[in-house]
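K.L.:
Taken in order, these protein sequences are the chains called U and S. So in the working numbering, spot 22 of the first sequence is number 22, and the numbers just go up one at a time. So in the working numbering, spot 124 of the second sequence is number 124, and the numbers just go up one at a time.
Since the hints were derived computationally from the structure, they do not count as laboratory data. Only a predicted model underlies this, so the values are computations on that prediction, with no experimental measurement involved. Some hints here could point you the wrong way.
Said to hold, decoys possible - Stretch by stretch, here's where chain S covers chain U in the computed footprint (C-beta under 8 Å, at least three residues): (1) 9-18; (2) 98-104; (3) 233-241; (4) 262-268; (5) 399-407; (6) 590-598.
What the hints assert, rightly or not - In silico DSSO-like links for lysine-lysine, alpha-carbon gap of 27 Å or less: (7) Lys247(U) / Lys147(S); (8) Lys348(S) / Lys262(U); (9) Lys483(U) / Lys469(U); (10) Lys410(U) / Lys469(U); (11) Lys171(U) / Lys12(S); (12) Lys147(S) / Lys159(S); (13) Lys483(U) / Lys410(U); (14) Lys161(S) / Lys147(S); (15) Lys193(S) / Lys277(S); (16) Lys147(S) / Lys445(U); (17) Lys348(S) / Lys172(U); (18) Lys277(S) / Lys445(U); (19) Lys410(U) / Lys478(U); (20) Lys175(S) / Lys193(S); (21) Lys162(S) / Lys147(S); (22) Lys6(S) / Lys193(S).
Ideal placement from N, C-alpha and C gives every residue a C-beta, glycine not left out.
Read off the chains here:
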Amino acid sequence: MSEGTKSRVNDFVIKLANVNGTGSASANSLLMKAIFRMGIPVMGKNYFPSNIQGLPTWYEVRVTSDGHTARSGSVDFAVAMNAQTYPQDLAEVSPGGYLLYDSTWPRSRVLQRDDITVLGVPLAQLCNETFDGARARILMKNVCYVGALAALLDLDLDVIRQLLEETFASKKALVAGNLTAIQLGYDYARENFDCPLPLRVEPLDRTAGHIMIDGNTAAALGCVYAGATVGAWYPITPSTSLMDAFKAFCYRFRRDPESGEKNYCIVQAEDELAAIGMVLGAGWNGARAFTPTSGPGISLMNEFIGFGYFAEIPAVLFNVQRVGPSTGMPTRTQQCDLTTCAYASHGDTRHPLLLPADPRECFEFAVNAFDLAERLQTPVFVLSDLDIGMNDWMVPELQWDDSYVPDRGKVLSSAELEQAEQFYRYTDVDGDGICYRSLPGVHPKGAYFLRGSGHNERAEYTEDAEEYKAVVDRLLRKWETAKELVPEPVVSGAGNRLGIISVGSCDGAVREATELLAQKGVPLDYLRVRAFPFHESVRQFIDEHERIYVIEQNRDGQLRTLIINELEPDLAKLVPLLHYSGLPIDCRFIVREIESDIAAGVAA
Amino acid sequence: MSFIRKPDIRYKGQRTNALGLTLRDYEGGMSTLCAGCGHDSITSALVQAFFELDIEPYRVAKLSGIGCSSKTPAYFLSQAHGINAVHGRMPAVATGANAAARDLYYIGVSGDGDSLSIGLGQFAHAMRRNLHMLYLIENNGVYGLTKGQFSASADIGSKAKKGEINEQRPIDPVKTALAMGGTFVARGFSGDKDQLLPMLKAGLKHDGFAMIDVLSPCVTFNDHEDSTKSYAHTRQFYHPAVHADFIPPAEPIRAGYDEGEAVPVQLHDGSQVLLRKVAPDYDPHDRAAAMSYLERHEQAGEIVTGLLYIEEHRPTMHAINQTAATALRDLDYSVLNPGAAALAELQKRFR
Numbered sequence: 001m002s003e004g005t006k007s008r009v010n011d012f013v014i015k016l017a018n019v020n021g022t023g024s025a026s027a028n029s030l031l032m033k034a035i036f037r038m039g040i041p042v043m044g045k046n047y048f049p050s051n052i053q054g055l056p057t058w059y060e061v062r063v064t065s066d067g068h069t070a071r072s073g074s075v076d077f078a079v080a081m082n083a084q085t086y087p088q089d090l091a092e093v094s095p096g097g098y099l100l101y102d103s104t105w106p107r108s109r110v111l112q113r114d115d116i117t118v119l120g121v122p123l124a125q126l127c128n129e130t131f132d133g134a135r136a137r138i139l140m141k142n143v144c145y146v147g148a149l150a151a152l153l154d155l156d157l158d159v160i161r162q163l164l165e166e167t168f169a170s171k172k173a174l175v176a177g178n179l180t181a182i183q184l185g186y187d188y189a190r191e192n193f194d195c196p197l198p199l200r201v202e203p204l205d206r207t208a209g210h211i212m213i214d215g216n217t218a219a220a221l222g223c224v225y226a227g228a229t230v231g232a233w234y235p236i237t238p239s240t241s242l243m244d245a246f247k248a249f250c251y252r253f254r255r256d257p258e259s260g261e262k263n264y265c266i267v268q269a270e271d272e273l274a275a276i277g278m279v280l281g282a283g284w285n286g287a288r289a290f291t292p293t294s295g296p297g298i299s300l301m302n303e304f305i306g307f308g309y310f311a312e313i314p315a316v317l318f319n320v321q322r323v324g325p326s327t328g329m330p331t332r333t334q335q336c337d338l339t340t341c342a343y344a345s346h347g348d349t350r351h352p353l354l355l356p357a358d359p360r361e362c363f364e365f366a367v368n369a370f371d372l373a374e375r376l377q378t379p380v381f382v383l384s385d386l387d388i389g390m391n392d393w394m395v396p397e398l399q400w401d402d403s404y405v406p407d408r409g410k411v412l413s414s415a416e417l418e419q420a421e422q423f424y425r426y427t428d429v430d431g432d433g434i435c436y437r438s439l440p441g442v443h444p445k446g447a448y449f450l451r452g453s454g455h456n457e458r459a460e461y462t463e464d465a466e467e468y469k470a471v472v473d474r475l476l477r478k479w480e481t482a483k484e485l486v487p488e489p490v491v492s493g494a495g496n497r498l499g500i501i502s503v504g505s506c507d508g509a510v511r512e513a514t515e516l517l518a519q520k521g522v523p524l525d526y527l528r529v530r531a532f533p534f535h536e537s538v539r540q541f542i543d544e545h546e547r548i549y550v551i552e553q554n555r556d557g558q559l560r561t562l563i564i565n566e567l568e569p570d571l572a573k574l575v576p577l578l579h580y581s582g583l584p585i586d587c588r589f590i591v592r593e594i595e596s597d598i599a600a601g602v603a604a
Numbered sequence: 001m002s003f004i005r006k007p008d009i010r011y012k013g014q015r016t017n018a019l020g021l022t023l024r025d026y027e028g029g030m031s032t033l034c035a036g037c038g039h040d041s042i043t044s045a046l047v048q049a050f051f052e053l054d055i056e057p058y059r060v061a062k063l064s065g066i067g068c069s070s071k072t073p074a075y076f077l078s079q080a081h082g083i084n085a086v087h088g089r090m091p092a093v094a095t096g097a098n099a100a101a102r103d104l105y106y107i108g109v110s111g112d113g114d115s116l117s118i119g120l121g122q123f124a125h126a127m128r129r130n131l132h133m134l135y136l137i138e139n140n141g142v143y144g145l146t147k148g149q150f151s152a153s154a155d156i157g158s159k160a161k162k163g164e165i166n167e168q169r170p171i172d173p174v175k176t177a178l179a180m181g182g183t184f185v186a187r188g189f190s191g192d193k194d195q196l197l198p199m200l201k202a203g204l205k206h207d208g209f210a211m212i213d214v215l216s217p218c219v220t221f222n223d224h225e226d227s228t229k230s231y232a233h234t235r236q237f238y239h240p241a242v243h244a245d246f247i248p249p250a251e252p253i254r255a256g257y258d259e260g261e262a263v264p265v266q267l268h269d270g271s272q273v274l275l276r277k278v279a280p281d282y283d284p285h286d287r288a289a290a291m292s293y294l295e296r297h298e299q300a301g302e303i304v305t306g307l308l309y310i311e312e313h314r315p316t317m318h319a320i321n322q323t324a325a326t327a328l329r330d331l332d333y334s335v336l337n338p339g340a341a342a343l344a345e346l347q348k349r350f351r
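Next comes chain S alone, as it looks inside the complex (with noise of 0.2 Å):
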């Protein structure tokens, strides 16, 4: 059998949050990835992220395309719609539910293969649409289920398991994303759910296309000593730039650091991301220069990761067509049916 359900085990004094809903109401499947796989790390933060932010899980709607990181929606919010489209292109899936009802949450995870190939098309125009959803690159720089063919996103001179060297550029989806006109473009790891939870709480409530890569080494075809996607290289190669923090809209704000080297960063929903800056001059409003302190730390080996550019206020593809404020789906024909009347007259100009 290749479903397997994971068991509904409920303890008594469990957290509940607003909606009286425990951590295990956030679940999904039992995950069938490679043990220790990345992907399933940041299955756990997601399932974190819609807890704390009391989002009710049948009001979500999970989509991805095709390989590994496409098959994790089965693994969190059993109780919400989920659809495992085909390679590469679940970001098109994604634009039509969104313009059918507007007003559910939509998370979509894809990966390298699926967003950097094939899908590079697709991943850049829900971005120039700013379409309203969190988009998460779960990249490991591997292909996993045909078993250990380079990515998209592959590192130059790094090693397949086999021992081929990668000669080819990497695409980074930051870069592509800052090119693209993101307007929430962060990176993370797998292995800090500390800077990965609140990045994605901060990237649910963002009113536009929320684009975060997280790095996700794949144990099996990509852990190895020459690869630079590995857990190690990653570790070593660390470079947190900004650390977010996402403050709910009626909790006040508590930093525990200076004045100064905060940014507060308003949501639509009231919300705040608390930009933490590690990195002295870091200004995460700035296109270029995000994208040249990228260029910059990139040469010197290091993998910046953080919420590294956000643009609040432009415009989403419903606000660019003022589409009504009620989900389409949920219309009443008797509003969209202009009527036999209205037929006889427009037909007036056709004789």
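Just chain U, with the same shape it has in the complex (with noise of 0.2 Å):
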């Protein structure tokens, strides 16, 4: 893509540049919608700053008829609305790109390159003529710039309509100002420059049976088809609005209107330690219950993370990592907390983690959570993170099979508990490592004292060395069943000598990045996991491969420092192959660190 910005159809990237603050998000998205809407796949990331307003912000759009879903790594459009960034903004598009910005104030001099054409509009101006108030004229500024955009590129008008009276539905005296704001921008650039420019959009049929959706949306959806009750959290970015939507969804679905009576409850608790505690109390009592956090959430809810492990209490953690270490940068994008969150807590200790690729897959991964962890009777992990959890993604429609069941796990009812003889919360009975569990009030058979102190099988308190390792050698076979539960790795390639592992948001790069790759002359494999602890295949794969990226988004390479703990295998096979810049993967990146790999001789 480095080759410039001749005629592109429906394939190039728009990177507009704001201010935070200034209501920028809902044009930005309504430019994105509209694309979709026209039947062109496309991709909108968010680059926002941890602040309320004033600090620049970034809106990336791809437009991508092939349907990839990573950043392809160019701008070939910069809108460049905030004065702070122009030479960045300028600085980043590609040759023979475009940009366009706010010409009420010029700037010839600032804003010159020869090889790209820029673009001035005075969208200040204009509003400024057109509407009162200045809070109108700030985000109408943002509108008509959609509104030359939409000249400049193709877009359809209709569709734009459609899409602000959907908007706007209750509030329809709004539809009319964007409309004429989207007019005034669309008219000037028709007059004043040759449209469409070559770089435009021609109407498919490609997203039909898709939405846009972001992750935390669909986690929240999950959570409401796997019925879930109880959920506790914290207010923490990127992971608030998962609890948002779930509250959302729950007051649609799970109130009774005329009784307002709710079949859930939600706690915003006073910090991530009681959050956790809530949860595993209401795991302890029988409910599917829930906690969304990121990374230093998880930190401080170590404590009961350990708890629940020993004391074997269901619980689903979502954690939608954020850039570490310590509060990092909040609003940026990592895979950090791979290594925290699958050991969590102190002493020994194992907890299943399942790695969502996209919001699809957040969907389905909670579902799964909730069954993983009740079977399991163990905290479980859904590690997103922020690009997926905040960005919204064209995913195909989000299925429902109604004769789900949700699996409760071993449960005693009550009247299994008076057929019983005698009841002992930690005898394995099965031989899998998961004991049956009684739930409190149900019967008096089924009484037991629970502890994160050492207990026997019968659950007594205990200090004598052999029933203490009866018991943590139990969880250990659990963990074996654990590996037949999981979900199992996506491989793809067709017996190549060289491998890619990845994992979660890196997904789409990869495949992007194979794809160049294979059309180079250098096939991949490869094998994105989707599951800890690790499926038997990833073994395979690292065993029929002869050198093997490891493609993460960390520092210190912690998916490939899982599987070397794990699976102990050749550590020279497993390159690290690291992006860790709070910025999403994009498949540039990976094509040139494997191309330089090669090209260095090692994997030749």
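Please dock the two separately framed chains into a single complex, following the hints provided.
P.N.:
Structure follows, in structure tokens:
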């Protein structure tokens, strides 16, 4: 894509540079949705600062007839609305590309590059002449550039009109104002530039059966469909919108509109320590309960996570990962909590991780997580990240099978307890490491005392060496059982010598990179892990390949560390390929790194 | 062996309650606390309270954190589920458990170390939510399990067993509860079962968060001459402000004192607490007056006990949330699942 931007239909990147807090998000979303509605696959990524307003924010729209979901790594059209970042935005545009800016204040000296076309649209002036009130003028400037882009890129104005009517269905007055702003930009561009540009869209039919959704919304829907009734949380970016969405869906689906009665209970806890405590309390008492959080929240929850592991209480934790360590960069993305979640808390602990690659898997894995947590009676993590959680992704429509029955695991009913001669909480009756449990208040025979301190298979406190070992060794048997229950990896390729192992939101960039590399004569096989503990096929994949690039978004190669720790492979085979800037990984990076490794002769 | 099962000895003519259960049915394992520990007296009062209220033991969930006090749920109601959580975080576990099944009795047993240091936030927020549970603080002013350090409730000037003097202000659970909006705030003394028993019963029946701070001297680390939480000191400066009598729903009030000296308080299930006022002007419905009464007597060196504040009609966590009457954990999945058609309809807005 570095070859420039000549005639490019349905295959380019627009990057919009804005000032945080100026209302650009809805305008940018309108732009992306309009392209999606025209049947053209599209991807949107939001790079925003961790503040309320004033700092630079970017929105990247990739128009991609091939349906790629990752960043390409290039910019073909910049919309530069933030004077603070002009130099950076100007520099990013590929040769032959375009830059649109607000020419109310001419910038002929600053915005100069001979190899691109700079388009000035007097957005502020147009809006100041048309709209009253400072706020409206600022907001409409953004809508106005969408109008200009509509003319320049050949967007369908009817589609935009329809979107505005749907968006503001309850505020009809806003539709007219927005349409005026669209028309202002559209007319100006048509009068002053050759429209459309060589860079443009053409209607396609490749978005039917698809939706645009973010991972947090999809995960929240998964919680609803899994039958979760208790949610406890403490707000933290970038996971907050998961509980916001769960709350909204529950209000819609789980509330009696007449009586107001709710079949759910959401508690905003005082902190993350309390949030996970509530989830464990609810899990102990038989409800499907979860908490959404991010890295710093996981740090705080550690003690309770260990308690949940040793006392064997079902719990679901969504960790929407952000950049660490410490507070890190709260609004940037990374996959930096793999090891911390896999072995969270002190002592010997291991926790199942589910690793979705996109919002569709967030939905599916949310349901899997509750089934696994109850089947295995242990905390289960869904490790998403900011890129998946907060960005809009085009995914096939979510499907639901109405014959689904939640796996509540080995819970003894009142009748079963009545029949039982004796119930012991931690006795491995079936030999799979998973014991039967009873719920409080169900039957007198089910009573036991749950504790995080040493206990034997009868749930009695013990410091006896053999009794302690029997319990922790059984937990390892349960871990072996878990391997058969977690989602299998996705494997593609045809027995090539080189392979890639990757995880989560790297998937789109990896798939695109393998296509590009194959075109360049470098075929690679690809395995995407979808869960920890690792399925047996991960070991096989490593055995069958000579050199494997382990691609992930963190500094220390945490996926690679887990693989080494759990599978003890030949270390020299596993080449770390790490992207950890806080921006989502792009295919260019992967292609460049693999090509340079091959050029160095090691992989030849 | 660290677990001591109590021998189940039954004898003829044992008293039974309305459920046909004996007092023994409300007991638990053998206590491993020090002989003479105040906590064991509280355990004994709890056994009697549950017995006398005719509560089925298995319908109770016992919760605790970490510390000597937190061991005690193992010593009563062996037919109830118990959970010994992490230090100071029992209120969160209780909140989640209560969210899942609102129809059980919840009793949390905590200590001054557990509730007033690491657990202070959770203690406060459970009251803020008016979580429906009985919450006991077995308060001895000292850390027993780690052998004698001051806790946050240790009084200024009190002396540790090894001679150290405490110079920091104590946190008083009763004043904290009043400040945090607690709806049932009481203080008892493990050495006064007559006063404690009706308060426990009323606390169990209170529709909301019932906090009882029970002074419970530590016989090993805090029962010496210079301690302000010793048996001797507590007895000497003990000031019962309000005596509570618990009256079950169907029983008439038979007060052994003159009208005007007693305030009947109706609880949600029709039972009553009869507050017999030792102080003639004491109003247990006046939060500010309760606070000032406490302050006044504290300055006089007195330890005020009794049911000091009660607010019967503040909505609980579930009432505020408008949670369904059926326990959430018992709802059938068919009620919770919106179905494939609803999902398809919902997704129209994602296009």
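K.L.:
If a hint holds in the structure, say so; if it doesn't, say that too.
P.N.:
Results for each hint:
no., hint, result
1, 9-18, "violated (count 0)"
2, 98-104, "violated (count 0)"
3, 233-241, "violated (count 0)"
4, 262-268, "holds (count 6)"
5, 399-407, "holds (count 7)"
6, 590-598, "violated (count 0)"
7, Lys247(U) / Lys147(S), "47 Å, violated"
8, Lys348(S) / Lys262(U), "25 Å, holds"
9, Lys483(U) / Lys469(U), "22 Å, holds"
10, Lys410(U) / Lys469(U), "23 Å, holds"
11, Lys171(U) / Lys12(S), "79 Å, violated"
12, Lys147(S) / Lys159(S), "14 Å, holds"
13, Lys483(U) / Lys410(U), "18 Å, holds"
14, Lys161(S) / Lys147(S), "10 Å, holds"
15, Lys193(S) / Lys277(S), "18 Å, holds"
16, Lys147(S) / Lys445(U), "37 Å, violated"
17, Lys348(S) / Lys172(U), "20 Å, holds"
18, Lys277(S) / Lys445(U), "43 Å, violated"
19, Lys410(U) / Lys478(U), "13 Å, holds"
20, Lys175(S) / Lys193(S), "23 Å, holds"
21, Lys162(S) / Lys147(S), "10 Å, holds"
22, Lys6(S) / Lys193(S), "23 Å, holds"
Figure legend: structure checked against the earlier numbered hints; hints not met, in rising order: 1, 2, 3, 6, 7, 11, 16 and 18.
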